Amino acid sequence: MRKIEPILAVLLAAAMIAAAIAAPWLRFVLTIALAKGIAVLGIMLLLRAGQVSFGHALYVAFGAYVVAFLAPRLNDAVLLLAAAAVGAGLLGLLIGLFVARYRQIFFGMLNLAMCMVFYSLLEKLYHITRGSDGIRVEVMPVAGQALDRVAYEWAIFGIALALALGLGILLRLYLSSPMGEALAGIKTRETRLEFMGVPARGVLLSAYVISAVVGGIGGALIAMTSRHVTPLLSYWTASGELVFIAILGGAGGVLGPFLGAAAYELIRVYAAASFADAWQMILGAALLLVILFAPGGLWGMAGRLAGGRGR
Amino acid sequence: MSEVLLQAAGLRLAFGGVRAADGIDLAVMGGEFLAIIGPNGAGKTTFINMTTGYLRPQSGEITYEGRRITGMAPRAIVKLGIARSFQLPQLFLEHTVEQNLALAVASREGIWSPLAPLRRPRYREEAHDLLERFGLAAIAGTRADALNEGARKLADIAMAVALRPRLLLMDEPTSGVAASEKMAVVETLARVLREAKVTAVFVEHDMDVVERFADRVAVWSQGRIAALGPPQEVLADPAVQRDVIGIERHPATPEAPHA
Ligand SMILES: Nc1ncnc2c1ncn2[C@@H]1O[C@H](COP(=O)(O)OP(=O)(O)OP(=O)(O)O)[C@@H](O)[C@H]1O
Ligand SMILES: [Mg+2]
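Heads up: the protein sequence lines correspond to chains A and B, in order.
Counting from 1, one number per residue, gives the positions in the first sequence under the UniProt record's numbering.
Counting from 1, one number per residue, gives the positions in the second sequence under the UniProt record's numbering.
Calculated from the structure, these hints are not laboratory results.
Where hints are given, some of them may not hold.
What the hints assert, rightly or not - Pulled a few chain A residues facing chain B out of the computed Cβ check, cut under 8 Å: (1) D133; (2) A182; (3) F195; (4) P199.
Stated by the list, open to error - Here are some chain B residues the structure puts well away from chain A; computed CB gaps all over 12 Å: (5) R19; (6) A27; (7) A76; (8) A83; (9) D156; (10) S180; (11) K182; (12) A190; (13) V192; (14) M207; (15) E233.
Note that the structure is a prediction, hence the values are computed from the model and not measured.
Heads up, the beta-carbon is just placed ideally off N, CA and C, and yes, glycines get one too.
Extracted from the complex, chain A is given alone in its bound form (with noise of 0.2 Å):
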């Protein structure tokens, strides 16, 4: 199973290159696919040690905000991502050192509540905001280099399809790693860790840095692909859709948020063309289908057709 892995990656990134090429509009859905695939990355880093966070679009919305304000003044998209994954990853640091303490069902509504907080922020605080208008955000160059349009399109999906291909590397080693398994750890047997000379709080701390770094990233992302950021980006449905993307692809491995992103974006908008109000249906219908028959969400379901075990 883990042999398939970077086959299935490459494959599904020359998959994704070949729609780009083949029509315009499944270049931006595509981006969109891989920029949440991304954050949907720190949220399976959650999941393996058992908690499940319903506040993350914070940190996606977070990093969009910082493109949109900073923009003007450090107009460069390579410069504002690391800008980004900078903020949300001190953001992270700020909230994780406060919600790393809990766990399970408080875990998950304290982040909920930080999320909203922000929310509610980005609304009122108009003069900032823009409120509900929210923010557009400018063609800008990309690594000193000013583009047309279309070029800079095709500059943020390379990025953003490199970017997924290195975070997953990065992730995959961090959690084969020791650190890796122990953030597993917590979730079977917290106190053991303890008893092992483990701080199993610093260790969940880290993850959850690691987890708001990628949600910045993935917002910054979204922000340059869009252009254009609103409040509804750190809307609770944002939180939820990040997990509901984590539970399709499945969490055994770090493909699964991007199988479960690109099968997302791609139900969403075929359905939403196809069948008008009924797209929501039909991806509860998807999850339902996948948390009954595929536990091991998408990527879960791929192991199996190769033959492997799921995980």
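Following the hints, position chain B with the ligands against chain A.
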């Protein structure tokens, strides 16, 4: 068996009206195997919980190698060289036995080190080594939640040994081990601990095991130490025979706290 390794003085801890520790004074000597016996609810596990930092005594002092450890956190106490195993085994259930052991080895060396990922093969090797010594090599790849009680118990102890403690506290190491295998298991365990020069304190309900492996035995009764000395003497004491050994064959109460 020369100097005092661990010293408990006047430990008291009550849960509501229950006096789980009611003035415990005990010196554990370096190198010895000290058995703790006593009826259910006598406070044996509570003593281990206090010594390893899981519970804080309401009064009294614990010193280890001359250093006061009362009230220190479990993970700080582990770093000083005190490890424990559990009455109810505490394994990472979704990990294999080998991964459990390797994680224990990694924790000893520090999982925060940026080099830790590179050292994984060595951790695994050491885990395998330990599993062989414990006779568990055959189940290295089995997930912890699929083990039988006896294997779970041994793996739990092996994890504590992987931390290379100087002092190992074991809470009923042989409960759950099939009667026919018990002596062989304890034999193995004793050999591993002697080789590693580990001082051991173990709670035990089987008097044959106590007699054969303990250098000294402490009898717990209602939060106090009722008797202490070599097994031949203590186990021959009529009061001990009546109060402890007579009612000794109960299974352990599962509702007692086990960290
Ligand atoms: N955390 C706790 N909260 C409340 N009561 C406790 C707690 N820990 C222990 N006790 C009580 O203290 C007493 C001693 O418990 P302890 O588990 O130390 O006994 P034990 O000698 O280990 O018994 P057993 O042989 O059944 O394992 C019992 O009455 C138990 O119910
Ligand atoms: Mg007990």
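Each hint tested on the structure:
| no. | hint | verdict |
| --- | --- | --- |
| 1 | D133 | 45 Å, violated |
| 2 | A182 | 6 Å, holds |
| 3 | F195 | 5 Å, holds |
| 4 | P199 | 6 Å, holds |
| 5 | R19 | 25 Å, holds |
| 6 | A27 | 23 Å, holds |
| 7 | A76 | 8 Å, violated |
| 8 | A83 | 7 Å, violated |
| 9 | D156 | 9 Å, violated |
| 10 | S180 | 29 Å, holds |
| 11 | K182 | 25 Å, holds |
| 12 | A190 | 22 Å, holds |
| 13 | V192 | 18 Å, holds |
| 14 | M207 | 28 Å, holds |
| 15 | E233 | 34 Å, holds |
Hint check: violations occur at hints 1, 7, 8 and 9; the rest are consistent with the structure.
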